[in-house]
Amino acid sequence: MAVVGYTLISILLILVQTAFLPQIPMRPLFDLLVVQVVFTALSLPGVKGGVVILMTGVLADGLSGSPFGLYITSYFWLFFSIQIAIQILHVYSRSLIYLAILAGIFIENFVALLTLSVSGANTDTLLWAVERGGVQLLWGGILGPCVYTILVEGIRCARVGLQGTVRHLKGGEGV
Amino acid sequence: MFSRRMVLVVAVLVLLLLNIAALTVSSSRPDSAGGAAKIALHMTAPFQKGISVSLGWVRSLWNGYFKLVSTAEENGHLRLEVSRLREQLNGYHELKRLNGRMRSLLTFKEAKALNMVAAEVTGTDASPWYRTLIIDKGTDHGVAKGQPVVVPDGIVGQVIEASSRYAKVLLITDRNSAVDVLVQDTRARGVLQGGGAGECQFAYANRNDTIVVGQRIVSSGLDGVFPKGFLIGTVSDVNKGVSGIFQKVGVTPSVTFEKLEEVLVVMTPKAGS
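Quick mapping for you: the protein sequence lines, in order, are chains A and B. First residue of the first sequence: 1, per this note's numbering; consecutive thereafter. First residue of the second sequence: 1001, per this note's numbering; consecutive thereafter.
This is chain A alone, in the form it adopts within the complex (with noise of 0.2 Å):
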């Protein structure tokens, strides 16, 4: 159940990216699903978790004309060092946040730098996606946070309508 939730929420963030957003018309200013990836490894450790970020990369990597498995390393690999760095370093923190945060903008932008020089791009291509690499690291500490908590309260709300109608189904059973 959980997997299916955390899985929903990826797509409605993509939907969010790739029709919401170019309908105002914006481009989005970094990769909220970094922001999803960093909130999933918190709150979904383990396979479970895991199961969604593979999930949330493949559907990325799918609508994406990028080559297939950026997403899913990016967020792979940002999944699998929270985890570690959680276990190693035992903190549970709002800079571990932040910090998670800037380390995924990081390195789906090294990762998509590695892509394009494979590619045979040239250095002004390269430059450029430097370029848009540091302006997504700022954005990134400026709104990430900010989604992150919109992402939290808004999970919250929804276990709590989920639960109310819950309880008041199993009410209505026993009248």
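Source of the hints: derived by calculation from the structure; they are not laboratory data. Treat the hints with caution; some may be incorrect.
Claimed, not checked - Only some residues are given here: those of chain A computed to face chain B with a beta carbon under 8 Å: (1) Asp-31; (2) Leu-59; (3) Gly-69; (4) Leu-114; (5) Leu-116; (6) Ser-119; (7) Thr-123; (8) Cys-157; (9) Gly-164.
Note that the Cβ used here is the ideal one computed from N, Cα and C, for glycine as well.
Given chain A's structure and the hints, the job is docking chain B onto it.
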């Protein structure tokens, strides 16, 4: 013999190397997603279409109803009546604009005498490094991989993936895109490559060819994908440099990709015709 931590570290390193190798292989192919793209299109494209349709409705409501309410200082009955009429009128305006766009597409389609299918743009690529679009026509409508996508303003790109009802289009501005082109006036030939950042480069333009800013670039039809004579853009920048056999030519695409709403998929490309 080996500690558990050592094995774990080696396993992670092996995984990392395998990952890099797989990514390197897929980087050489823009359509490397294969089945995953179809799954992703099936799972998200209908919702993308829903969002774009809903947002269009909200936008028309916003333009028609709310603006009216905020500006009018009339009595309630008249305001309601005017609001209803304005909303209706706005709907007509939207229809008129849609009709205009469709008529332009139809005129273009008839003028080109090619078998084309009109499609609506439902989504765009979220990544800043690659340029693709999602359209609401797929294999059920005859759309297939490799078919060119155009609008009256010029060439948009080509289909790189198609599910039953949706397809993914690689834009000419994507760095994996290449179109065989001609300078319309001088017939100087080259290959138009996407730059990634929204601009294009006219590659392999011979230094001896006379190319000046403002000249129109059209498809040559020799690549076997894009029909001959379709407008692509205009020359924006020419740099002959001091050495080399080619000159650097920048091209501004004639299509405004950010504002695309409808496109035409060419079903039977007549390359070279």
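Taking the hints in turn, this is what the structure says about them:
Because the closest C-beta pair between Asp-31 of chain A and chain B is about 7 Å apart, less than 8 Å, the hint holds. With its C-beta approaching chain B no nearer than about 5 Å, Leu-59 of chain A sits inside the 8 Å limit, and its interface hint holds. For Gly-69 of chain A, the interface hint holds, since its Cβ comes within 8 Å of a Cβ in chain B; the closest pair sits about 5 Å apart. Interface restraint check for Leu-114 of chain A: the shortest CB-CB distance to chain B comes to about 7 Å, inside 8 Å, so the restraint holds.
With its C-beta approaching chain B no nearer than about 7 Å, Leu-116 of chain A sits inside the 8 Å limit, and its interface hint holds. The beta carbon of Ser-119 of chain A is positioned within 8 Å of a beta carbon in chain B (closest approach about 4 Å), and the interface hint is therefore held. At about 12 Å, the closest approach between the beta carbon of Thr-123 of chain A and any beta carbon in chain B exceeds 8 Å, and the interface hint on this residue is violated. The interface hint given for Cys-157 of chain A is violated, since its Cβ lies 21 Å from the closest Cβ of chain B, which is over the 8 Å cut-off.
Given hint, Gly-164 of chain A at the interface with chain B, is violated; its Cβ is 26 Å from that chain's nearest Cβ, farther than 8 Å.
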